[in-house]
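**Q** Same order as they appear, the protein sequences are chains A and B. First residue of the first sequence: 1, per this note's numbering; consecutive thereafter. First residue of the second sequence: 1, per this note's numbering; consecutive thereafter.
What the hints contain is simulated information worked out from the structure, not anything from laboratory work. Treat the numbers as computed from the prediction; the structure is a model and nothing was measured. We treat Cβ as the ideally placed atom computed from N, Cα and C, and that holds for glycine.
Derived list of chain A stretches under chain B, where covered just means 3 residues or more per stretch with a C-beta under 8 Å from a C-beta of chain B:
| # | region |
| --- | --- |
| 1 | 61-69 |
| 2 | 90-102 |
A few chain A residues that don't get close to chain B, going by computed Cβ distances all over 12 Å:
| # | residue |
| --- | --- |
| 3 | D11 |
| 4 | S34 |
| 5 | S40 |
Among the chain B residues that face chain A by a calculated CB cut under 7 Å, a handful are:
| # | residue |
| --- | --- |
| 6 | L27 |
| 7 | L109 |
| 8 | L115 |
| 9 | S118 |
| 10 | R120 |
| 11 | L124 |
| 12 | S127 |
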Amino acid sequence: MSMKVSTRQVDGITIVDCSGRITLGEGSVTIRDSVRELLSKGQKKILLNLGDVSYIDSSGIGELVSAFTTVRNQGGELKLLNLTKKVHDLLQITKLYTVFDVKEDEAAAVKSFN
Amino acid sequence: MGSRFCRFHRHFAMTEQRVSYTLDSTLETVDNAEQTATRIAADNGFDEDEVMQIAMAVREAAVNAVLHGNAYDPGKKVMLDFERTGRDLVITIRDQGAGLDPAKIPDPLAPENLLKTSGRGIFLIRSFMDEVQIHPSQTGTEIKLVKHVHGPTGGGKEASQ
Chain A
1 MSMKVSTRQV
11 DGITIVDCSG
21 RITLGEGSVT
31 IRDSVRELLS
41 KGQKKILLNL
51 GDVSYIDSSG
61 IGELVSAFTT
71 VRNQGGELKL
81 LNLTKKVHDL
91 LQITKLYTVF
101 DVKEDEAAAV
111 KSFN
Chain B
1 MGSRFCRFHR
11 HFAMTEQRVS
21 YTLDSTLETV
31 DNAEQTATRI
41 AADNGFDEDE
51 VMQIAMAVRE
61 AAVNAVLHGN
71 AYDPGKKVML
81 DFERTGRDLV
91 ITIRDQGAGL
101 DPAKIPDPLA
111 PENLLKTSGR
121 GIFLIRSFMD
131 EVQIHPSQTG
141 TEIKLVKHVH
151 GPTGGGKEAS
161 Q
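The shape of chain B in the complex, shown without the other chains (with noise of 0.2 Å):
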């Protein structure tokens, strides 16, 4: 509460097409990111349910970003980013950690791994959002997640599934 992540919210879907935010390597930035996520969303006319899946997808890429990436690094930070295109809600989560290589990552859905106890964030996150881009690199991980806008504000975009 009362932390700079509110004062941007309030007017973000009429005056503002980006904001973002270099964050600390703590459990609290993945709150935050939570909420600022939850915020953004609703402004820009998600439903309820889009406004939970965008907020998840970001809580777990933050948790990504925090965890495995920087590893709770205090000289390491997480930079979040929104952006609002005419049909899209853009989130880039950067980290500066060693890079995560997503061909790595077993899938959880395989019976094998279905009791494991990690492992799951990846995948809620691309089954949350239109679209899930991973780009490591030596100096970090930069994920990128899109979300179509399909309602009133949303050029006129649909779901087309």
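Next up, chain A with everything else stripped away, as it sits in the complex (with noise of 0.2 Å):
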């Protein structure tokens, strides 16, 4: 149930690979908590995994809107790859799936950062 994070260097890219739930409470956490140290660390360059993410609720959401704003004030761009139907569902009715920049493979995510 619990969510889990692992992170990992694609050309310059850091790729967040995201497993589990985005809820309030731990998972949310999760991820502010992971975005917030690659920035620490001076990594702007996001994409974020959510192809083994299960579940997300109006708080995960919530998350990934200020990850995205946390990133972009910093001038980095944090990207979503691999969105599972109900997430992607969810961004569509809440207008989300235009603001993030959603991509569907990897490799072309990758290369879409400059």
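Join these two chains into a complex; the hints should help.
**A** Following this line, the structure appears as structure tokens:
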């Protein structure tokens, strides 16, 4: 049930592989801490891989928005990769799908950062 | 696991018309409310997408009750109630907070609010349920969520959109 993240570097981009649930409490905090840590290390090109995220609630959506704006305010870029249908649908109905830069292919996503 | 939630769900659709819970104002309550809603919705013949929608609506309502209503106050409780009528699953969540005025909730789809980090819970609840009634009072907020049953046990009611 809990949220897990691991990070890896590909061509200067930090890919954060997330799995589990991004919900109020532990899941949201995990995302927040991960993004803060990356920014503190100067890693500002972040690709959040949500392919194994089974569930997200309104707090989790808020956390993604927060991560997006925090990274952008520090001159970086945060993009989303591999949305599950549930997460995709939630971003659609909350009109956030076009706010985020959403990618489906990892290699193309990595290249899209400049 | 193994909580008091478990013992009711199995025969809910067959033998119980109504189950009620009184819950502490904790994050665990939010998770338990969601899990209970998942089981009861599944037992009442809703399909996978509908079960997810009902469970998420209940989760969001429970979050509102625990965080915004009762503000984690250990002296305040959350009342969660599932009732199966002939054609509906009716879920009521009540808190003992100051009362939520739905008119004061900003539209989360307005361009100026899109990048806000909160304020989407009620919107999601309304998106997922067929009927939503919010009754604020000085002694707390009651939110009633209704989902029409249109499976074989739903009394012939079909979705009419």
